[in-house]
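Based on the sequences and whatever the hints tell you, model everything.
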Amino acid sequence: AQSVAQPEDQVNVAEGNPLTVKCTYSVSGNPYLFWYVQYPNRGLQFLLKYITGDNLVKGSYGFEAEFNKSQTSFHLKKPSALVSDSALYFCAVSPGRWPGNTGKLIFGQGTTLQVKP
Amino acid sequence: GAVVSQHPSRVICKSGTSVKIECRSLDFQATTMFWYRQFPKQSLMLMATSNEGSKATYEQGVEKDKFLINHASLTLSTLTVTSAHPEDSSFYICSAPWTVRRNEQFFGPGTRLTVL
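Just so you know, the sequences run in chain order A and B. Going by this note's numbering, the first residue of the first sequence is number 2, and it counts up by one from there. Going by this note's numbering, the first residue of the second sequence is number 8, and it counts up by one from there.
Among the hints, a few may not be true.
As the list claims (entries may be wrong) - With a Cα cut of at most 30 Å, we get these calculated BS3-like pairs of lysine-lysine:
(1) A:Lys23 to B:Lys48
(2) A:Lys105 to B:Lys73
(3) B:Lys62 to A:Lys105
(4) A:Lys78 to A:Lys105
(5) B:Lys73 to A:Lys23
(6) A:Lys50 to B:Lys48
(7) B:Lys71 to A:Lys105
(8) A:Lys117 to A:Lys78
(9) A:Lys105 to B:Lys27
(10) B:Lys48 to A:Lys117
(11) A:Lys59 to B:Lys48
(12) B:Lys48 to B:Lys73
(13) B:Lys27 to B:Lys48
(14) A:Lys70 to B:Lys48
(15) A:Lys78 to A:Lys23
(16) B:Lys71 to B:Lys48
(17) B:Lys48 to A:Lys78
(18) B:Lys62 to B:Lys27
It should be emphasised that the hints constitute simulated quantities derived from the structure, not laboratory data.
Now the structure itself:
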């Protein structure tokens, strides 16, 4: 079965410190990988994606993610966390290539990032 | 970038009534839209795929007669929660793949449904 796992319900970091939010996936073929952020009572905002090419992907707001095919992981990282980064983060995978994959997204459980001053 | 809107953003209704939620792609056409449901502090669960001009495709376990989906135009999909009950209270989010870069989806801001 295709799935995405975010093993941590919550990640706590101090402002200015680096942060990592973990994501692993189990999908057949070559998936497309995404990170989204959600603020309270809001929809999802796109952060970054991996389709092909360099394993290190840079996205919005200083975030980046590293695709590791052997470990089937796509961890989200930021060198220096801000209090305003505090939100709910979702990893998602779209199996296969459009249009064959129909565009469906499989989401992880979500990880709450708490950045303290 | 592409924008997807939802209306209403928040709705409170009595048990037994029906509620319609609209999802619009504002600056692009969307032949496909997706409807998700999100419970508090939980992930998004795909409910159905809305297809313009044809029937929606529902995920396993989602009641078709309960959650009616209509995709009447290239920019509008509607989700109607029929005979709503308190257990239908949730955050409903729609999304649409962007036709320019189809591997990117844009999400609406969500609709908070509370059934009393």
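Now for the hints, and whether the structure bears them out:
1. A:Lys23 to B:Lys48: 17 Å, holds
2. A:Lys105 to B:Lys73: Status holds; Cα separation ~22 Å.
3. B:Lys62 to A:Lys105: 17 Å, holds
4. A:Lys78 to A:Lys105: The hint holds at about 25 Å.
5. B:Lys73 to A:Lys23: Status violated; Cα separation ~36 Å.
6. A:Lys50 to B:Lys48: Since the Cα atoms of Lys50 of chain A and Lys48 of chain B sit roughly 23 Å apart, the hinted pair holds (cutoff 30 Å).
7. B:Lys71 to A:Lys105: This hinted pair holds, its Cα atoms lying about 18 Å apart.
8. A:Lys117 to A:Lys78: Roughly 17 Å between the alpha carbons, so the hint for Lys117 of chain A and Lys78 of chain A holds.
9. A:Lys105 to B:Lys27: Since the Cα atoms of Lys105 of chain A and Lys27 of chain B sit roughly 23 Å apart, the hinted pair holds (cutoff 30 Å).
10. B:Lys48 to A:Lys117: 20 Å, holds
11. A:Lys59 to B:Lys48: 27 Å, holds
12. B:Lys48 to B:Lys73: 24 Å, holds
13. B:Lys27 to B:Lys48: Cα-Cα ~24 Å, so holds.
14. A:Lys70 to B:Lys48: 29 Å, holds
15. A:Lys78 to A:Lys23: Cα-Cα ~9 Å, so holds.
16. B:Lys71 to B:Lys48: 25 Å, holds
17. B:Lys48 to A:Lys78: At roughly 22 Å apart (the allowed maximum being 30 Å), Lys78 of chain A and Lys48 of chain B satisfy the hint.
18. B:Lys62 to B:Lys27: 17 Å, holds
Of the numbered hints listed earlier, the single one contradicted by the structure is hint 5.
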